[in-house]
Each structure stands twice: as structure tokens, then as C-alpha cells.
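Enquirer: I would like the entire structure built from these sequences, with the hints used as guidance.
Top to bottom, those sequences are chains V and F.
Just add 84 to the spot in the first sequence (first one is 1) and you have our numbering.
Just add 2 to the spot in the second sequence (first one is 1) and you have our numbering.
Everything labelled a hint here was simulated from the structure, so no lab data went into it.
These numbers come from a predicted model, not from an experiment.
Careful, some of the hints might be misleading.
Said to hold, decoys possible - Here chain F is said to cover these stretches of chain V; the calculated rule only asks that three of the stretch's residues, wherever they fall, bring their Cβ under 8 Å from a Cβ of chain F:
{"no.": "1", "stretch": "230 to 244"}
{"no.": "2", "stretch": "340 to 354"}
As the list claims (entries may be wrong) - Computed beta-carbon distance windows for the label pairs:
{"no.": "3", "chain 1": "V", "residue 1": "P234", "chain 2": "F", "residue 2": "V262", "range": "34 to 40 Å"}
{"no.": "4", "chain 1": "F", "residue 1": "M121", "chain 2": "V", "residue 2": "P155", "range": "25 to 31 Å"}
{"no.": "5", "chain 1": "V", "residue 1": "V359", "chain 2": "F", "residue 2": "A17", "range": "37 to 43 Å"}
{"no.": "6", "chain 1": "V", "residue 1": "R273", "chain 2": "F", "residue 2": "R187", "range": "32 to 38 Å"}
Glycine residues also receive a C-beta, built at the ideal position from the N, C-alpha and C atoms.
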Amino acid sequence: MNGAPALADVAGSARRVPFDRVLLLVWPAAIFMLALFVYPFLYGLWLSFQTKEGGALANYVHFFTTDNLYPTIWITLKLALPATLINVGLSLPIAYRLRRKSRFQRWVTTLLVVPITLGTVLVAEGMLIYFGPKGWLSQFVQLLHLYDAPIRLTHNFWGVLISLVVSGFPFTFLLILSYITGIDPVLARAASTLGAGPREQFTQIYLPLLAPGLAICFCLAFVQAFSVFPSAVLLGSPAGPTRVISIAAYEAAFEQYDYALASAIAMIMGAVQLVIVVAVLGLRKAFYRGPVVGGKG
Amino acid sequence: MSAPSRAAAEWHQRAWRGLLTGVMALFLVNVGLIIAAVATSSFARRWLGTWLPDGWTVSWYAEAWKEFQLLHVLWVTVEVVFAVVFLSLLLGVPAAYTLARREFAGKRALMLLFLLPLMVPPFTYGIPLATVLYQAHVGGTIWGVILANLIPTVPFVILVMTPFIEQIDINLESAARVFGANTTRVFRYVLVPLLAPGILAASLLVLVRTIAMFELTFLTAGADSQTLVVALYYAVFAAGVRAPQSVDAMAMIYMAVTLVWLLIALRFVDPTQLVSRVKEHPRAA
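Expert: Spelled out as C-alpha cells, the structure:
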């Protein structure tokens, strides 16, 4: 780990180290990221404090006092948190069940890649037909007389929630599966020779080792769900119950051309995501203390 | 353990497994039907509230091709995707080489810089990015779209390529240098041939992700620089203006383009690589 700096010190004391030109190779990518990722972010932060009237915080005050802006935080949380809990909650047991390499595992993982690759726009279009009032699902439900009133799963909260599960579940499943398959099965076998059944193996071996991965997976799935845009517009009712925060930011930027307000909304969006991420990672630390990575080697 | 309780435990376990398989099957069947619904509608002469349409036709495809100017849209998509693949490799592979081979001050900060764009969702940084690009007058052009799409793909290439480069024996490079090769020649004659599988995997993953990248393209594209997925969004958004079958025909064309490349990609990469960035490298073995 720290062998290289020590070596450089020794060489440096003897004579000047010739500049390592290989280090130059990292600069184009680093400059690119600084110019197009870090700079726009800082510029957006600066822009969000630029206001024509009122104090520096006028854009933020405007957001938190306007009736169709501040509720978007709550509306988005109400969609993103249940969706993430459903996705992680479903993925964990199923991925655990499929942890051993098998032909079935290969098939399932390949099939689940399809909705991820197709993306939310195509899934939204398909859901509009399939879950629509005259779609196959509604016809099937009425054929079996499960529920006779017309079912409404599009252009409302449920449409967006379902779409978040359809596009989010494959992501969380594949991520958790890659974490689980990274855990050495020898540990579980050792536990089973000591009499641990599948449930004990899960709670005593896998779960503690998975905790860091699960926390990261939850965070990634949550921030994706929190910035939901296309399906909230196409499958929800973007003026009402699914007016999520990204719609508010988009409207400010591209319909009112108020880039300062749009940047402020983007910063608020990032801040809420950060709060949840910090909370989840903090919770993980509170519940589990131990080696972050274990069982290798 | 007594016999009845053991039987109960076994029954419990079997029921639990059945439940999990059922949930998975339910999910996959419904996703399959969502896709099948698009396909059915795109071939339907008329489809109103019945199990299957009244008649079949392929004329919607010709209509969609003309109406949505798909030739132009497809050409823009090809240009964007290949430019993004080429540029992200050009920027990403040398950076991955340095990160794989050297320890230096600030390496951790640099890794963070390359990890963040993969963690932060595109819509969050896309709005300030679009603002900057429009002020630099590249917003709304094809170059704006390409630049925006490079932000998640350059770090992605770096993270996929770094373990690949770490696997290559450093002695091969040293041998080449002993015989007088400079860094350029080491890259050209030693590293690139050895890295070919990794570069292929990285470029296919970038390709598939860029075709499907909606948010960044949506925020930075003008009327002439829309890729297929953004054009599809606008078509669905303006549903009611045109026949729904025509929109579905366009959706099918998008699906065909994406799935062809996905199938090619799956020959060379593991499906889990599309979500988790780095394959567990078999160094421990």
C-alpha cells in the first residue's frame, strides 16, 4: 500500500526523481471530468444564489413557499422510498435463493437485463397499453371476476410506482446477486457442518457480510428512483399526484428559462438524496460493526 | 429434533422457495407481456378492448419511418453512440492504465472524481450541465449530446478497464521497455492487443448504455440532435396526435436496435456487469 511513497522518499533524498510521464495519461480524463462534472455543479450552486431581487437565498425561499414546488419533495419521497424498499426487499431473498451458479440463474439474469437495457421510456409505453383500462391485465382480471370495476393503473401514482419496480427491481437484483456471489460459499459450508440450517446461514453468515453491499445498493436504487422523470410524466399525472421534483426542475429550466431557480431545485434534489444516503450509511454503522469486507482469501 | 417438527420445517422451506419462484415468474411474465403488448399493437390494424386486434398489418412501420423521420434520427443515434464509444475509450483507457499501475498523491481524490458521476443520477447533474452547455452554445447540438453522454461513460470505462490492466503481467511491459519501446509503443504493441477483450467488453457496455441513455440526451438535445430514445419519448408524450400503432412501431424499431446490440454484448460480458461496474477479478485464485 504505502511502499511506493516510501520508495519515492528514498530516491528523492538521493537525487531529484525524474518526472513520471505515465502520470500524464490520467490528466485528459481528469480535466474532462473537472470541466464537465465538477465545474457545472459548482456553477449551478453559484447560479442558485444569483437573484434579481431579494437576498441570496431568494430562489430557495421561493421553492419552499410556492405551492407547486415544495410539495414535490414529499411527492417524490412517497414514490422513491416504497419503490426502493420493495425492490431491495424482493431482490434479497430471491438473489439469496439463486446464489449458486446454475443454468436457471444464468437465464434469470439474462432476462432481467432486458428491461434495464430497454429503459424507462419503452417500458412506460408498454405499460400504457398493458396496464391501460382496455389492456390485457384489465381484461384478464375481469375475465376471472377478480375485480369488476375498471382498474386504473396508469396516469396516477400506481403507474409510476409499478414502473419504478419494473425498471428498478432488475437493477437491485443483479447488484445484490453480484454481491452475494462474491461471498465465499466455503463459509456457509463450514457453518452447515456445525449444524446451521439455511436460515441461520443467512442471518449469521451472509447478512453481516452483505450489510455494506446492501446499504450501497439501497442508496443507488434510492437516488435513481428519486430522480425519476420519464415515467412520472408518461405514466403518472405530472400536474398532480406525481409531480416529482425533476419535473419541477425541468419546467423551471426549459419552460420558464429560469436557470437560477432550476439550479436551486437541482441542488435541493441533490441535498435530499445526500441526506437519505448519509442516513442509510449511518444506520448501517449503528446496526453492524465489524470488518467491512470479510471472507476473502 | 422430533420428526413432525422436521417435516414442518421442510414444508416451510418448500413453501418459501415456491413463493420466491412465483414472485420471480410473475415479474418476468408481466415484463414479457408489457413488451408483447407493444409488439402486438405495432402490427394491429385496429385494437380496441379485445384480446387480439381485428387484423394485422405492417403499414405502421412505413408510416412511423416517414412521420418521425427515423432515418435522420437513426443516423444521429449512430453518430452519437460511436463518437461516445470512441472518445470514452480514448480518455478512459490511458487513465485506467495510470490508476492500475501507479500510486501517487491524490489518487483517492481522483478515484472519487471518477466514481461520483456513476453514483449521482443523471437528472441531478444534468440540469446544471445543460445550463453550462447552452451558455457555451454547444447545448442543442450533437456535440452537446456527445459531451453530456461522456460524463457517465468515461468513468465507466475507467472502472471496467482498471482490473483488466491490473491482470496483465507488468514484466511484459518492462521487457518491451528494455528493448527501447516508449509508452506509445508499449500501448500499441503490448497493451492494446492484450487488452482487446476488455476494450471490446467496455465498448459494448458503453454502446448499450448510450443507446438507452434518456436523461442526459433529453436535457441537451435540440430538435436536430435527438437520439432514438428521446424521439420515442416525444412521440409517446404527444400521444393522441398520431395513431398509437405508429408510436408502437417506432418503439419496436428502438427495441430491435437495442436488443441486437444487447445480444452481441451478452456474448462477451456477464449480465451483472451492466449494473455492477467491476467484475470480481479472478486474481485471488
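Enquirer: Each hint should be assessed against the structure and marked as holding or not.
Expert: Each hint, compared with the structure:
1. Restraint check on the stretch 230 to 244 of chain V versus chain F: 0 residues with Cβ-Cβ distances below 8 Å, three needed, restraint violated.
2. Against chain F, the stretch 340 to 354 of chain V contributes 7 residues with a C-beta closer than 8 Å to a partner C-beta. That satisfies the three-residue criterion, and the hint holds.
3. Checking the proposed 34 to 40 Å range against P234(V) and V262(F) shows it holds: the Cβ atoms sit about 38 Å from each other.
4. Taking 25 to 31 Å as the suggested C-beta distance range, the pair M121(F) and P155(V) conforms, at roughly 27 Å.
5. The hinted window of 37 to 43 Å between V359(V) and A17(F) holds, with their beta carbons roughly 40 Å apart.
6. Distance hint for R273(V) and R187(F): a CB-CB separation of about 49 Å, inconsistent with the stated range 32 to 38 Å.
Checked against the numbered hints above, the structure violates hints 1, 6; every other hint is satisfied.
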